[in-house]
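The hints should help you fit chain B onto chain A, whose structure is shown.
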Amino acid sequence: MDKVQLDREFSDLYRAHLRDVYSYAYYRVGNHHDAEDLTEQTFLQAYRHYERALRESDGRPLRPWLIRIAHNLAANLYRDRARKPQTPIEDTGTLSALHTTEDLVEGRDELARILEGVKELPDDRRDALIMRFALGMDNREIARAMGRTDGATKVLIHRAIKQLEEIVVARGGAR
Amino acid sequence: MSEPIAADIEVLLRQAFRPVEPPESLATRLESTLQELTELAAEELEAWELSSMRDPRNWVRPVIAAAVGTAAGAGLVVLRVRSQHRKQRKQVQGVELARRTIRAAGHEVRRVIDRR
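Heads up: the protein sequence lines correspond to chains A and B, in order.
One point on numbering: in the working numbering, the residue at position 106 of the first sequence is 106, and numbering is uninterrupted.
One point on numbering: in the working numbering, the residue at position 49 of the second sequence is 49, and numbering is uninterrupted.
If we strip away everything but chain A, and leave its shape as in the complex, we get (with noise of 0.2 Å):
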């Protein structure tokens, strides 16, 4: 494939997962600031590599590696403000603000309680949540995502809804 086709189909699949990747970002990071940015560097990542992904996906939909860049890239931006020291007070409000889930759905109580639960679980099975429901992928597509087999995805999928039932009911249910 010649540079110009390659770009092409570069900027498609740009235009076509900018949402996912974004939604993606936000319900991970949990801030609009943080978000942005993932996504601008899982696209410049994208970039330098989609040759190569091109090749390698032997035609299956490229939208399970980009969520996995963005899945790396938000696990090593954790990992390292983990490593340094504490934020400065003056950036605790865009660095570490949690979901602003009167915005995300305005204002009913159960969705919120549901968003609040979600936040209390495991990463992977708050990631295996939001790739499921905010962006609608199936088992496959997160198994591939998350560089697991399709049975350990359904089983972490199972898993994460149990739990966050248990959460959710503990607080005094969901409806």
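Keep in mind that the hints were calculated from the coordinates and are not lab data.
Mixed in with the good hints, there may be bad ones.
What the hints assert, rightly or not - Computed list of lysine to any residue pairs in SDA-like fashion (alpha-carbon distance at most 25 Å, straight line):
1) A:K119 to B:D8
2) A:K154 to B:D8
3) A:K154 to B:Q15
4) A:K162 to B:Q15
5) A:K162 to B:V11
6) A:K119 to B:P23
7) A:K119 to B:Q15
8) A:K119 to A:D109
9) A:K162 to A:D138
10) A:K162 to A:E120
11) A:K119 to A:D58
12) A:K154 to B:R14
13) A:K3 to B:A27
14) A:K154 to A:D109
15) A:K154 to B:R18
16) A:K3 to A:H33
17) A:K119 to A:S57
18) A:K154 to A:Q5
19) A:K3 to B:P23
20) A:K162 to B:R29
21) A:K154 to B:V11
22) A:K162 to B:R18
23) A:K119 to B:E10
24) A:K3 to A:R79
25) A:K119 to A:K162
26) A:K119 to B:A27
27) A:K119 to A:P61
28) A:K162 to B:E10
Stated by the list, open to error - Just some of the chain A residues that point at chain B, by a computed CB distance under 7 Å:
29) L18
30) S23
31) Y26
32) W65
33) L111
34) I114
35) L121
36) F133
37) A134
38) I161
39) E165
40) I167
These numbers come from a predicted model, not from an experiment.
The C-beta atom is built at its ideal place from N, Cα and C for all residues, glycine as well.
Below, chain B alone, put in the same frame as chain A:
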């Protein structure tokens, strides 16, 4: 008792995790970052002393810089032209839109080449 709650939770998760639209400024920022990458690659090449190129061990970095510059530059043209095309589509249609898109593509290619 447990299954209906799980089913409810799935319904609520679908409602709670609605897709989030990226801000308009993000696309602009992405394009500009690609542009910077192109410029960095070009500077890397310019800064490289010709004499050092006699040693094959020094060939790797300029080759990578050239590859990154070319890739990012070409990608930038595509992204910018598409962005302009979207803006113009709201204002004009048909032949005039095609003419403007071709002109924009030529302009962007010249811009990227001039920066090198």
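Verification of the hints:
1. Distance restraint check for K119 of chain A and D8 of chain B: the Cα-Cα separation of roughly 18 Å lies within the 25 Å cut-off, and the hinted pair is therefore satisfied.
2. For a cut-off of 25 Å, the pair hint linking K154 of chain A to D8 of chain B stands: about 19 Å separates their Cα positions.
3. Simply put, K154 of chain A and Q15 of chain B have alpha-carbon atoms about 21 Å apart, close enough for the 25 Å limit, and the pair holds.
4. Distance restraint check for K162 of chain A and Q15 of chain B: the Cα-Cα separation of roughly 18 Å lies within the 25 Å cut-off, and the hinted pair is therefore satisfied.
5. Distance hint between K162 of chain A and V11 of chain B is fulfilled; the C-alpha atoms sit about 14 Å from each other, no more than 25 Å.
6. Of the pairs offered as hints, the one joining K119 of chain A and P23 of chain B holds, with about 24 Å between alpha carbons and a cut-off of 25 Å not exceeded.
7. A threshold of 25 Å between alpha carbons decides the hint, and for K119 of chain A with Q15 of chain B the separation of about 16 Å falls inside it, so the pair holds.
8. Restraint check for K119 of chain A and D109 of chain A: satisfied, since their Cα atoms lie roughly 15 Å apart, inside the 25 Å limit.
9. Our distance criterion of 25 Å between C-alpha atoms is met by K162 of chain A and D138 of chain A, whose separation comes to about 18 Å.
10. This hinted pair checks out: K162 of chain A and E120 of chain A have alpha carbons roughly 13 Å apart, not beyond 25 Å.
11. Distance check on the hinted pair: K119 of chain A and D58 of chain A sit about 36 Å apart at the alpha-carbon level, beyond 25 Å; violated.
12. Of the pairs offered as hints, the one joining K154 of chain A and R14 of chain B holds, with about 17 Å between alpha carbons and a cut-off of 25 Å not exceeded.
13. Between K3 of chain A and A27 of chain B the alpha-carbon distance is near 22 Å, which keeps this suggested pair within the 25 Å criterion.
14. For the given pair, K154 of chain A sits about 29 Å from D109 of chain A by alpha-carbon distance, which is inconsistent with the 25 Å threshold.
15. Taken as a hint, the K154 of chain A and R18 of chain B pair is honoured in the structure, with Cα atoms around 22 Å apart against an allowance of 25 Å.
16. Distance check on the hinted pair: K3 of chain A and H33 of chain A sit about 33 Å apart at the alpha-carbon level, beyond 25 Å; violated.
17. For the hint linking K119 of chain A to S57 of chain A, the alpha-carbon distance of about 32 Å lies beyond 25 Å, and the restraint is violated.
18. A C-alpha spacing of about 37 Å is found between K154 of chain A and Q5 of chain A, which places the hinted pair above 25 Å, so the restraint is violated.
19. As the CA atoms of K3 of chain A and P23 of chain B are separated by approximately 29 Å, the hinted pair breaks the 25 Å bound.
20. For the hint linking K162 of chain A to R29 of chain B, the alpha-carbon distance of about 40 Å lies beyond 25 Å, and the restraint is violated.
21. Restraint check for K154 of chain A and V11 of chain B: satisfied, since their Cα atoms lie roughly 18 Å apart, inside the 25 Å limit.
22. With a C-alpha separation of about 21 Å, the suggested pairing of K162 of chain A with R18 of chain B holds against the 25 Å cut-off.
23. Distance restraint check for K119 of chain A and E10 of chain B: the Cα-Cα separation of roughly 16 Å lies within the 25 Å cut-off, and the hinted pair is therefore satisfied.
24. This hinted pair does not check out: K3 of chain A and R79 of chain A have alpha carbons roughly 36 Å apart, beyond 25 Å.
25. In summary, the hint linking K119 of chain A to K162 of chain A is supported, as the alpha carbons are separated by about 14 Å, within the 25 Å threshold.
26. In summary, the hint linking K119 of chain A to A27 of chain B is not supported, as the alpha carbons are separated by about 28 Å, beyond the 25 Å threshold.
27. For the hint linking K119 of chain A to P61 of chain A, the alpha-carbon distance of about 29 Å lies beyond 25 Å, and the restraint is violated.
28. Under the criterion of a C-alpha separation no larger than 25 Å, the hint pairing K162 of chain A with E10 of chain B is consistent with the structure, at around 10 Å.
29. Look at L18 of chain A: its Cβ gets to within about 6 Å of chain B, closer than 7 Å, so that hint holds up.
30. Of the supplied interface hints, the one on S23 of chain A holds, with its beta-carbon coming within about 5 Å of a beta-carbon of chain B, less than 7 Å.
31. Because the closest C-beta pair between Y26 of chain A and chain B is about 5 Å apart, less than 7 Å, the hint holds.
32. Among the interface hints, the one on W65 of chain A is violated; its C-beta lies about 17 Å from the nearest C-beta in chain B, farther than the 7 Å criterion.
33. Look at L111 of chain A: its Cβ gets to within about 4 Å of chain B, closer than 7 Å, so that hint holds up.
34. Interface hint status for I114 of chain A: upheld, as the beta-carbon distance to the closest one in chain B is roughly 5 Å, under 7 Å.
35. A cut of 7 Å between beta carbons decides the hint on L121 of chain A: the least distance to chain B is about 11 Å, and the hint is violated.
36. Annotation: interface hint on F133 of chain A holds; nearest CB of chain B at approximately 4 Å, less than 7 Å.
37. Checking A134 of chain A against chain B: minimum C-beta separation of about 4 Å stays under 7 Å; hint holds.
38. A hinted interface residue such as I161 of chain A counts as satisfied when its beta carbon comes closer than 7 Å to some beta carbon of chain B; here the least separation is about 6 Å, so the hint holds.
39. Look at E165 of chain A: its Cβ gets to within about 5 Å of chain B, closer than 7 Å, so that hint holds up.
40. For I167 of chain A, the interface hint is violated, since its Cβ never comes within 7 Å of a Cβ in chain B; the closest pair sits about 10 Å apart.
Hints 11, 14, 16, 17, 18, 19, 20, 24, 26, 27, 32, 35, 40 from the earlier list are contradicted by this structure; the remaining hints agree with it.
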